[in-house]
Amino acid sequence: MERDGIAVVKNVNEQLLNIPSMKDLGQLEQHLEKMEHDLLNENKTRLQMKHRLLSLTEYKEILRKADQFFNEAQADGPSSNKAMMRRMSVVDPDLMRRFSMQMHQPNQIPLEPVIELVTMTGSILANRFMAFERMLWRVSRGNILLKRIDVEEMLED
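Residue numbers (our numbering): 1 to 157.
The hints are simulated quantities; they were obtained by calculation from the structure and are not laboratory data.
As the structure is a prediction and not an experimental result, all values here were calculated from the model.
Quick reminder that beta carbons are idealized off the backbone N, C-alpha and C, glycines included.
Hints are not guaranteed to be accurate.
[Stated by the list, open to error] Label-pair distances were calculated between CB atoms; the ranges are: (1) Glu33 - Ala126: 40 to 48 Å; (2) Leu25 - Arg52: 52 to 60 Å; (3) Lys60 - Leu32: 40 to 48 Å; (4) Glu2 - Lys23: 20 to 28 Å; (5) Phe129 - Lys60: 39 to 47 Å; (6) Glu33 - Lys60: 34 to 42 Å; (7) Leu47 - Leu146: 31 to 39 Å; (8) Asp4 - Met49: 51 to 59 Å; (9) Phe129 - Glu29: 18 to 26 Å; (10) Thr57 - Asn127: 49 to 57 Å; (11) Asn127 - Met35: 38 to 46 Å; (12) Met35 - Asn11: 15 to 23 Å; (13) His37 - Thr57: 27 to 35 Å.
Could you build the full structure based on these sequences and the hints that come with them?
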């Protein structure tokens with residue numbers, strides 16, 4: 001150290017330096033570990049809350065768009081929905097006969113075809129939409145009405 005020009009103090013008064021005892025160092029270390037643990041928990045909680053906020057924002061947009069869709073359908077009126085179902089219901093007579101036999105009512109053929117309409121809402125990334133549409137088409141065997149509404153608000157992923 002002398003060669004590098006660093007001065008070394010030979011007589012050091014320990015009382016002037018105020019060195020903490022080993023007990024105090026142990027307590028300080030425990031306190032720092034507790035603070036580190038608390039900080040990590042706070043960061044984890046913050047990330048979970050941010051993820052939940054993004055998820056709820058996405059759900060809010062989905063509900064807003066679904067409400068818009070159903071309000072448009074309701075504005076058309078229920079009479080137009082029945083007329084549309086009658087136009088869409090092309091029923092095979094053989095299928096209707098088999099259906100009535102399974103119901104143990106061979107003489108009664110239902111006049112109205114049974115149509116089950118299922119509504120599904122959700123959000124999907126724009127670049128994955130074509131694959132999703134293709135999958136829905138295959139699963140439903142082409143019996144699907146798909147309406148796509150783009151979300152104007154930029155959502156984080």
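To see whether the hints hold, each was checked on the structure:
Taken as a hint, the range 40 to 48 Å holds for the pair glutamate 33 and alanine 126, whose Cβ atoms sit roughly 46 Å apart. For the hinted restraint 52 to 60 Å between leucine 25 and arginine 52, the CB-CB distance of approximately 41 Å leaves it violated. For the hinted restraint 40 to 48 Å between lysine 60 and leucine 32, the CB-CB distance of approximately 42 Å keeps it satisfied. Between glutamate 2 and lysine 23 the Cβ separation comes to about 36 Å, which falls outside the hinted range of 20 to 28 Å.
Roughly 21 Å separates the CB atoms of phenylalanine 129 and lysine 60, a value that falls outside the hinted 39 to 47 Å. Range check, glutamate 33 to lysine 60: about 41 Å between beta-carbon atoms, so the 34 to 42 Å window is met. In this structure the hint that leucine 47 and leucine 146 lie 31 to 39 Å apart at CB holds, the actual value being about 34 Å. Under the hint 51 to 59 Å, the C-beta atoms of aspartate 4 and methionine 49, about 53 Å apart, fit the expected range.
In this structure the hint that phenylalanine 129 and glutamate 29 lie 18 to 26 Å apart at CB is violated, the actual value being about 55 Å. Taken as a hint, the range 49 to 57 Å is violated for the pair threonine 57 and asparagine 127, whose Cβ atoms sit roughly 20 Å apart. Against the hinted window of 38 to 46 Å, the Cβ-Cβ separation of asparagine 127 and methionine 35 comes to about 43 Å, which satisfies the hint. Range check, methionine 35 to asparagine 11: Cβ separation about 38 Å, and the 15 to 23 Å hint is violated.
The supplied range of 27 to 35 Å is met by histidine 37 and threonine 57, whose beta-carbon atoms lie about 31 Å from each other.
Violation of the numbered hints given earlier is confined to hints 2, 4, 5, 9, 10, 12; the remaining hints are satisfied by the structure.
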